[in-house]
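> Here is what each chain is made of, one letter per residue.
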Amino acid sequence: MLNATVLDQVLWLVGCWLVVGVLGILALNKFALVARILFPIGGFIGLLLALVAGGALLHPSSIGRKLPLGLPQLLFHFRLDSLSAFFLLILAISAAGVSLFSAGYFRGGQGTAPGLLCVEFHFFLASMALVLIADDAYSFMVAWESMALTSYFLVTANHKLPKIRDAGFLYLLIAHVGAIALLLSFGILQANTGDYTFANIRLQDLSTFWASVAFLLAVFGFGAKAGIVPLHVWLPEAHPAAPSPVSALMSGVMLKMAIYGLLRVAFDLLRPHIWWWGVVLLVLGLVTALFGVVFATVQSDMKRLLAYSSIENIGLLFAAMGLGLLFRSYGMNSLAALALTACLYHVGAHAFFKSLLFLTTGSVLHATGERNLGKLGGLIRFMPWVAWLALIGALASSGLPPFSGFISEWLLLQSFLFTPGLPQPFLNMLIPVATASIALTAALAGYAMVKFFGVVFLGQPREPKLEEAHDAGLFEKIGMGWLALGCIALGLLPNLVLTFIDPVTSSLVGYGLARQAKASGWWLLTPTTFERASYGPLLFILGVIAAITFTFILVRILYHGRLRRSIPWGGGHPWGNSRMQDTAEGYGQPIRQVFEPFFHLDRHLPKPEDTAPEYSVVVSDKFWNGLYMPIVKGVQFISAQVGRLQQGRIAIYLLYSFLTLLFTLLMVPGAHR
Amino acid sequence: MSLMRVLSQGLATFLSLLLAPLFLGWVNQNRAWLQNRSGPGVLQPFRMLHKLFNKDSVMAQSASPLFRFAPYLVFACMVVATAIIPTLSTDLPLASAADAIALVGLFALARVFISLAAMDIGTAFGTLGARREMFVGFLAEPALLTILFCASLIAHSTALTTIVTNVGQRSFAIYPSLVFAGIAFIFVFLAENARVPIDNPSTHLELTMIHEALILEYSGRHLALLEWAASLKLFAYSTIGIALFLPWGISESGSPTHLIASIPVLLLKLALFGIVLALVETLFAKMRIFRVPEFLATSFLLGVIGMLTYILLGS
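Protein chains in written order, with the numbering used here: chain Z, 1 to 673; chain D, 674 to 988.
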């Protein structure tokens, strides 16, 4: 195996994932075997895959291979280039953490046998890896669909609850509508040559019109998977339904497969680059980001909150990609590389912090059985490990220094500040608005994350049963710790990360950032020039740590360290209890008021004469009633009309057959001679 | 040479640490004069800090380590913030590690931690303060970013030192984008430092307080650190304003003689700034909390208009 090419190693490791999955079938109900042995093995394979993919990035090469699988005339083509290798690296690192967590997480009685979960989980991982190395549209679509199906089964793991089945159905439906668009897009891309290999697609010279149609179809198809507004509705339903490690993988990794696909189509497969494509992505991305984050702040279910936060991050990724495409279309490749670097950096950052956050919700769910923010609170005292790890994820997600989210946001803002160089005056005026909305999104993300962390882990427990919550087990701690380490490493060592991103931008736009970024020293990130902008997270965090240490020591030396504990002051009256804290609804209320036009609100206010007053407010998505319900009604109407044909009487069906036969005979040329 | 730069950086930081409470005292003294009171004198904040440091710290039984850690982190964030803003000279070794965006990130980090600490005890006031602080912050933070971007578009850089050098070297002229940014900055300044008309620094009325509600559970040395951090924040914002809009007189070399030479200029600007701030606080009344978004949205939009103006007019 050591002598094999990198691609062969990847294929072997993917095969190992499949084997681990199949072993799960053999041990269908042997919970201990599946959880304690198979899942850690899967995690170990993930680590190996990360090493292989990292190695492939450091020594960029593009190796292709045909496998005698698939249909006789249509072999599976695989290729590992820099873009695939980068996403494979992110997939493998996240998968390692999530698999280890799952080893401690999955228990019996979730509705699906543990062995079956093991099959679905590892097949899901393997199909994502195959999406990344597919080198023709056929194998891409096969892998893409198996990814959708395995994740559907994982989402509906607890299929005995009708709500979860509904969520799964919605997910499957939107995934397939997206897949149809992708099929059509690939159909246009191959330009009637009948050869669906990516190598052939790259050679085709499409007209502007057809290229644009293919591009828009790809945006729709990949956007449906990624959760771009208005195709985002499945995310907040599917994520709370799925077991937490699955939500972690879906949100952290699977959404990135859509980003990968769009990067592949827009930057690699399509030859012409038209400026308004970038604008489309940019505007879609900004709208999605703002929409997602505003909804995240008003959620009262912790997993829904994170799902909306994922929508926000996908929006940021689309915006970065759009900006990259815009620069590319004007031939400003170095700036395109900057925007793409921001995009890829955020892919990694979001994969780690969102997986981490979903895993912590899993631990909280296990310890308390509660997903509702209104019934949680004070968990930092009972589950300190989970709380501190969640804090790292929350800070990274808010885009705060020195964590990973900040660097990608910083790079994105830097690339926006270069846009006055664009030759289109109209675009120039769009840019300040775009920059401002990104800044607003980042600030609101902080609001949402303070709400998430503060309500779940701080304050007093809102329910008595929370006091019995236990901290996460060893496997869970290792899995979360691994991902937290990723968040910190991405935040502190940007130049190291750039060495892995560099080959990708070099292959896509022919320009890399790493050499320039390291010009002023390995600790200082200078994406363009030193005078223009620099950020040195290590020096920066060292300054903060030094200031903390000095302050602490000086206060102790000059004054004292005396501390008394007492009961908190409750405003002068003795009846203070945990119900007097802000609820999740209360915390989101200011945002609900400011952004009221965004929401569809169902308010129920008590009247003064009510003896049992009840207050409730349900925030829902306007797209649901405004866009999806009309579609549902239309489909129902059409099927009702079609239903009229089906009278259920054999005579009528015989009549249909007879009429069809007559019609066909009339159509046959020369039949009536 | 390098040691010299580190030393002068240390000197500048030390000076900010001392000047910050003094500036707060100066503002309060001016306010007292304007309100026809004799006032406690400019050294009052120091007496206050000394008293608080000597007192025992009383902490709620349910306080978590985060609650104890937060004051140190907030204080450290503000110290680092004053260290990377060019107050006396633009030759700051630490400034290359953090640009304008990182500065905003630093303020946001402090804000998030103080809000989390306020939610930690689980009393009604703490969570109320945390919610309002984040509520003000979510509009003030992007507004500050757009203001800084106006300046960085002119200077073609987000590094604060480069911005100051660039703007300071130009001949005196009115830049339309900077005018918009300047007005927006005053709004953000008032909101972020919990001044009238957003918040009243001398109130403990539960319906109106923001900053005071956040730190209500703190006492002793922890409260002292937070009070000092608040004065450092006020100082940092004032020096950002000076650096962006009145950068003349900030030395370009970091040698101690130059540093000392630029101190009187800084003091003069700060003194004037303090008088203006006291005047604003005396002339205006505090607004309802739900008027705050309108106030800050205006500032945010002015910042965006500033950037647009730069792009349209090129200045």
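It is worth saying that the hints were derived from the structure and are not from the lab. Mixed in with the good hints there might be a few duds.
Chain Z stretches covered by chain D per the calculated footprint, using a threshold of three residues with CB under 8 Å from any CB of chain D [to be verified]:
id, stretch
1, 33-46
2, 118-128
3, 170-184
4, 454-468
5, 576-586
6, 602-609
We treat Cβ as the ideally placed atom computed from N, Cα and C, and that holds for glycine.
> Are the hints correct? Go through all of them and say.
Going down the list of hints, with the structure as the test:
Counting residues of the stretch 33-46 of chain Z whose C-beta lies closer than 8 Å to any C-beta of chain D gives 0; at least three are required, and the coverage claim is violated. Interface restraint, the stretch 118-128 of chain Z with chain D: violated (0 residues with C-beta to C-beta distance below 8 Å; minimum three). With 0 residues carrying a beta carbon less than 8 Å from a beta carbon of chain D, the stretch 170-184 of chain Z misses the three-residue requirement, and the given coverage is violated. By the rule of at least three residues with a Cβ nearer than 8 Å to a Cβ of chain D, the coverage given for the stretch 454-468 of chain Z holds, with 5 such residues.
Chain D is given as covering the stretch 576-586 of chain Z, and this holds because 6 residues of the stretch bring a CB closer than 8 Å to a CB of that chain, at least three being needed. Beta-carbon proximity to chain D at under 8 Å applies to 0 residues in the stretch 602-609 of chain Z; the threshold of 3 is not reached and the given coverage is violated.
In this structure, the earlier hints numbered 1, 2, 3, 6 are contradicted, and the remaining ones agree with it.
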